[in-house]
Each structure stands twice: as structure tokens, then as C-alpha cells.
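K.L.:
Working from the sequences, and respecting the hints, build out all of it.
Chains as they are written, first to last, in my numbering: chain W, 1 to 237; chain A, 238 to 463; chain X, 464 to 686.
No lab work stands behind these hints: they were computed from the structure. Idealized CB from N, CA, C, for every residue including glycine. Treat the hints with caution; some may be incorrect.
[As the list claims (entries may be wrong)] For each label pair, taking beta carbons as the anchor points, the in silico distance ranges come out as: (1) Gln681/X / Arg12/W: 17 to 25 Å; (2) Val274/A / Trp565/X: 32 to 40 Å; (3) Glu71/W / Gln532/X: 19 to 27 Å; (4) Arg562/X / Asn277/A: 28 to 36 Å; (5) Glu400/A / Leu179/W: 37 to 45 Å; (6) Asp469/X / Leu435/A: 46 to 54 Å; (7) Asn277/A / Phe518/X: 40 to 48 Å; (8) Gln532/X / Val274/A: 50 to 58 Å; (9) Ile590/X / Ala109/W: 46 to 54 Å; (10) Gln290/A / Trp565/X: 38 to 46 Å.
[Unchecked claim] Over the 10 Å line for every Cβ pair with chain X, so calculated as not near, a few chain W residues: (11) His7; (12) Gly16; (13) Gly17; (14) Leu34; (15) Thr53; (16) Thr61; (17) Glu74; (18) Glu117; (19) Leu119; (20) Ser130; (21) Phe135; (22) Thr163; (23) Gln217; (24) Glu224.
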Amino acid sequence: MAETFLHIEGLRKSYGGLEALKGVSLTLEKGDFLCLFGPNGAGKSTLLKILATLLTPSAGTVRAAGFDLEEHPEAFRAQLGLVSHQSFLYDDLSARENLEFYAALYGVADSRARAGELLERVELAHRAHSPVREFSRGMQQRLTIARALVNDPSLLLLDEPYTGLDEHAAGRLSRQLHLLHEAQRTIVMVTHNLRQGLELATTVGILAQGKLVFLKQRDQIAPEAFEQLYIDHLEAA
Amino acid sequence: MNLGQQIMLLYRKDLRVEVRKKESLIAMAFFGALIMVILNLAAGRSGRIEAEQLAGILWVAILFSSVLGLGRVFAREKENGCVAALLVSPLSPEALFTAKALVNFTLMCCSELVLVPVFLALFGGRLEPDPLALTVLLGLVNLGFSAAGTLLSALAAGTRRNEVLLPILLYPLCLPLVILAVKATGAVFGGSALFEILDQLEPMAAFGLIYAVAGYLLFAHAVREV
Amino acid sequence: MLKRYDPFALLALFALPAAAAMVFFYAPLEETMGLVQKIFYFHLGLAAAAFLSFFVACIAGVFYLVRRQRVWDERGAAAIEVGVLFTTLVLLTGSIWGRPIWNTWWTWDPRLTTSLILWFIFTACLILRGAVEQEAKRAVFSAVMAIAGFIDVPVVFLSARLWRSIHPTVIRSEGIALEPAMLATLAACVAAMLILWAALFRLRCGMQRQENTLLDLQQQLSR
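P.N.:
Structure representation (C-alpha cells):
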């Protein structure tokens with residue numbers, strides 16, 4: 001029985017009169033890959049931002065690998081990797097410089113070595129010295145993933161990473177994510193890409209209007225049934 | 238990584254970008270020189286300009302051109318969402334503030350290395366400023382302006398009207414600094430030494446200290462999402 | 464619940480005419496400046512209230528950042544608005560006072576200079592508020608700016624005093640010998656202005672609260 005890695009209990013977030021999250025609870029085991037779908041405005045980004053410690057929840061608890069989000073935010077953050085549709089990269093620095101900067105920031109002992117390693121892993125070693133502004137969207141995305149792995153995170157959060165990627169780049173991303181999943185990292189991904197998401201996930205969920213309306217292991221539901229359920233929720237919104 | 242190391246890491250990263258692109262420095266120096274020329278023309282051909290009026294021209298040029306650099310330093314972090322990445326990292330917001338303020342201070346010093354000689358060439362025929370007094374004076378103003386400016390640039394960058402808003406927020410706050418700087422610089426242009434302008438330097442140092450502390454404490458609120 | 468009559472508003476209804484009466488019928492006529500000098504009583508009262516307003520804005524800002532309760536943002540916003548209003552009146556009354564005496568619409572008197580700078584700082588606060596749409600963010604930014612603005616005040620005072628020495632033709636209000644009757648009138652005016660401030664502040668707080676409630680309802684309905 002794998003241990004509980006991520007535990008979310010009664011998470012709420014309100015902005016004045018608006019409740020973006022209305023009590024979300026879920027549990028993930030180490031090595032799980034949760035794909036979260038849902039209509040726009042459902043609160044998916046809000047949930048992810050709270051997990052990334054970028055937003056403080058109005059109520060509820062979050063624990064990952066034994067650390068409580070509110071009590072030990074630094075320890076919680078130390079094991080986080082974040083990927084978004086924004087690149088988090090400095091356009092005027094080279095790929096290598098970007099990675100070395102973030103590696104040094106996270107206190108990695110040999111930041112040069114780590115940067116080299118990561119560049120190899122995402123197949124960008126040949127462009128190590130080019131400024132990021134010259135990269136294509138697909139290359140940027142690969143570098144963004146490399147950046148997120150700089151601190152060897154055990155929890156990886158991805159916010160709509162397939163945005164703007166063509167088929168080829170999307171396939172590459174999926175392969176990367178699959179490798180990360182096999183390396184026993186716990187992954188939470190928010191996406192609209194049904195096909196890729198269902199392929200990668202071990203757990204699937206639907207967030208609608210701030211509530212988790214569906215959460216099941218991937219093998220407990222047929223893809224077509226899930227697709228229908230998802231479309232129903234999209235239309236209801 | 239301790240606080241000092243974090244600050245230096247961020248500072249070096251920003252300097253590297255500045256040196257590579259030079260966009261801020263060039264804009265600041267160019268715009269500053271342009272303002273001096275415009276003010277010279279606007280003053281008409283009345284002949285003698287008083288020391289204090291000359292001081293005013295210098296400070297208008299420096300402060301108006303500095304805002305260009307100030308705005309960019311923080312806006313650059315927001316461009317690709319890097320602020321979020323920094324907040325998620327072990328970096329503390331206080332380190333971010335200190336690093337950015339140091340970058341702004343450096344940019345101002347560098348642009349003044351260009352602007353002050355240009356100023357003296359255009360206007361400084363009769364002036365004999367004491368170099369030590371002038372340097373200390375410039376340093377103190379840069380300190381206060383950078384500290385307040387860094388804090389306010391985070392506020393401005395959080396709105397959609399960044400470039401317009403920063404001057405609107407910063408200049409009123411720095412008006413006392415302007416008053417003191419003009420008075421002190423006028424005195425220095427008239428030949429005063431360092432110990433003679435201490436009366437103006439002390440409040441300027443106080444201003445710098447107040448906003449360095451305030452910025453350090455309040456910056457986290459300005460950059461975090463709510 | 465809407466209160467029909469705010470106690471401070473009622474008090475102001477009596478205090479202001481009473482103070483005005485004192486100014487025009489009780490306070491003696493000043494020798495050198497004549498009737499125009501009487502504006503000084505209101506001018507100083509307005510300045511006291513304006514300063515108080517910005518102080519309240521700063522404190523409200525601190526409380527908001529620490530507690531994150533909406534009510535502190537409402538108070539901060541009200542304090543800034545009323546403060547700008549009162550400061551505008553300080554500048555206007557100062558100008559009206561100066562014109563017949565020194566034949567100029569503006570003098571760089573330390574108090575007027577300070578008021579002018581404060582006017583710019585806190586109007587900038589209002590402009591900042593207008594530039595942020597999201598409520599929580601607006602509240603945080605407004606709080607930071609109000610605090611940053613208020614801590615400037617000591618240096619503003621100092622530098623304005625320094626500026627005065629450049630402009631020797633200045634209103635030396637401290638030089639006016641204040642007889643007991645004048646002092647009493649001054650005290651009455653300051654008190655009346657503070658009561659007026661309190662009334663306007665409370666009114667504005669209430670209006671902010673209603674606005675927020677309305678926006679909440681709108682948001683809930685649009686979902």
C-alpha cells in the first residue's frame with residue numbers, strides 16, 4: 001500500500017463575495033498522476049496556485065510528503081516543481097544561464113553540472129548558449145520543464161502545459177511526463193487536452209464551479225464515458 | 238543559500254541582462270541628455286542662470302530619465318511570469334526587494350556617470366563643484382529614489398497601467414528629496430564643501446533609510462498574489 | 464442597516480455654524496490683515512483634519528495588511544478620499560488668504576508646501592485605487608501606498624521648512640500673536656472641523672460598505 005503523498009482537505013478560497021473553491025478534498029499516493037479537467041472558471045488554476053503556495057487558502061489544509069502548507073511553507077516549496085503556460089524564463093539569458101540561475105537559487109551544489117544534465121535530458125544541449133527569445137514554443141516548453149526539475153521535485157504541478165504546442169511538441173511533452181511519472185514523481189496536471197491527459201493519468205478528476213464533482217482512478221472508467229461526462233459539464237457551465 | 242548570497246545571485250543575473258542589452262542604460266542616458274538640451278532651450282537666451290536653477294535642470298534630467306530604467310527592472314520579471322517562479326523558490330521577497338533596489342541604484346549611478354559630465358559640458362563653465370560633495374549627494378539621492386522607486390514599481394507593475402502609474406506614484410513621494418537635492422547641489426555648484434551641506438544631507442539620508450526599511454517590509458505584500 | 468442620522472453629522476450641523484459665528488462675531492479683528500485673516504481659523508482646522516485623515520489612512524493600511532479584513536480597506540479608502548477633499552480646501556483657503564495680502568495666489572509657505580505635496584501623494588493613492596480592478600489586490604496596493612505616503616510626512620515637513628528659506632516673503636502665522644479670544648476661536652474651529660471630518664468619514668465608510676455589498680450581490684447573481 002503506497003503511502004499518502006498529497007492530502008487536501010476542505011480547501012476553500014473566496015474573493016469577497018465570490019467563492020472560487022467550495023471545499024475541495026482529495027488524496028494522492030506517491031507516484032500518482034492526477035489529471036484535472038473542467039470548464040473555464042471552475043477554479044482549477046486557483047487550486048493549482050494554492051498548491052504552489054502562490055495563493056493562501058481561505059480555509060482547509062494541504063499536506064505534501066508530511067509538510068503542512070501553512071506551517072512549513074519553505075519545506076513544502078522545496079519539493080515543488082511548477083510548470084505553467086508562462087515560461088518562467090528570462091528571454092535575454094541563454095538556456096544554460098537560465099538553468100544555472102535557478103539551480104543556484106535552489107541551492108544545488110553544482111549548478112553547472114545540473115544545468116548540463118537537464119539540458120541533455122530535454123534534448124536542448126545543442127542550443128545551450130542561445131538566448132531563450134530565439135526558441136520556438138516547443139523548445140521553450142522543454143526548457144520550462146527542465147527549469148521545473150532543477151530542484152529534483154517530488155511534486156510536480158502543471159497548469160495547462162499543452163497550450164500552444166503542435167502535435168509533435170505535444171507528443172514530446174507527453175513522453176517527458178511519462179518518464180517523470182515512471183520516476184515515481186507525484187504529478188498534478190490541469191489541462192483541456194483530453195487525449196493526452198487520459199493517456200498519462202492514473203487518476204482523473206473534474207472540477208466544476210469550485211467543487212470536485214468527479215474523482216476516480218483512471219482504470220475505473222472508460223475513456224468514452226469520461227469524455228461524455230466532461231462534455232456534459234462543459235455544457236452545463 | 239543565505240540572504241546575502243540570494244541577493245548577489247539576483248543582482249548579478251540582472252546586471253548580466255543589463256550589460257547584454259543595455260536598453261535601460263542607453264534610454265536613461267539619452268533621454269536625460271535630451272531633457273537637459275530641451276531645458277536649456279526652454280530657459281531662453283537670458284544669459285546667466287543661477288546655480289540653484291542649474292541644479293534644478295540637472296535633477297529634472299536625472300530623475301525623469303531614471304524612471305525609465307526603474308520601470309523596466311521590475312516589469313522584466315513579470316514578463317514571463319518569473320515573479321511567480323521566484324516566489325515559489327527559496328528566495329524571500331525581501332531578498333528580491335534588496336536585489337532590485339541595488340540594480341536600480343547601480344543603473345542610476347551609471348547613467349549619472351554620463352549625465353553629469355554632459356551637464357558640466359553644457360552648463361558648467363563657471364561651476365567648480367567639489368567632487369566629494371557631489372558624489373555623496375548623488376549617492377544619497379540615488380539611494381532614496383531607488384528604494385522608494387523599487388517598492389512603487391512593484392505596485393505599478395501589478396496594474397495594467399505600469400508606465401503611466403510609476404511616475405504618478407513616485408514623484409510626489411520624492412518631492413522632498415528633490416527640494417533637498419536642488420538646494421544642496423546649488424550650494425555645491427556655488428563652491429560649498431561637504432560639511433557645509435550636512436543640513437540637507439541628513440534628511441536625505443533619513444529618507445533613504447525610511448524607504449529602504451519600508452520597502453524591505455512592504456515589498457512582499459506588493460508582489461504576492463491575493 | 465442604514466442609520467437615519469449619524470450622531471457626528473448632527474453634531475456638525477451645530478458645531479460648524481457655532482464656530483463660524485465665533486470667527487465672525489467673537490474673535491477680534493486682526494490689525495494688519497483685517498477681515499481676510501479670519502480665514503486662518505478655518506484653514507488651520509482643515510489642515511488638522513486633513514492630517515488626521517492621512518494618519519487614519521496609514522493605520523487602516525497597516526491593519527488591513529495584518530488582518531486582511533474588508534472593513535479596514537473601507538476605512539482606508541474613506542480616509543484617503545476625505546483627506547484629499549480637506550487638503551484641497553486647505554490649499555484653497557491658503558490661496559484666498561494670501562491673495563489680498565501678498566498679491567499672489569500662491570506662496571511657498573512651509574504649511575502650504577507640505578499640504579501641496581500631501582495632496583499629490585494621496586491623490587496618487589486615489590489614482591492607484593482606480594487602476595486596480597480586483598478588490599483584494601486594490602486593498603493591498605492602497606494600503607502599501609497609504610503607508611508609504613504617510614511615512615514621508617516628517618521629511619516633507621523638514622524639506623518644506625528648508626524651502627521657506629529660499630522664499631523669504633512668507634506667511635508667518637507663528638508670528639501672529641494670538642490673544643486668548645483668538646485661541647478660543649481657533650480651538651472651536653479645529654474642533655468643528657474634526658467633527659465635520661468624523662461625519663464625512665463615517666458617511667464615506669458606510670458608502671464603501673454598501674458598494675462592496677452591492678458588488679458581492681452582482682457577482683453572486685452573475686454565476
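K.L.:
When the hints from earlier in the document are held up against this structure, which numbers fail?
P.N.:
10, 12, 13
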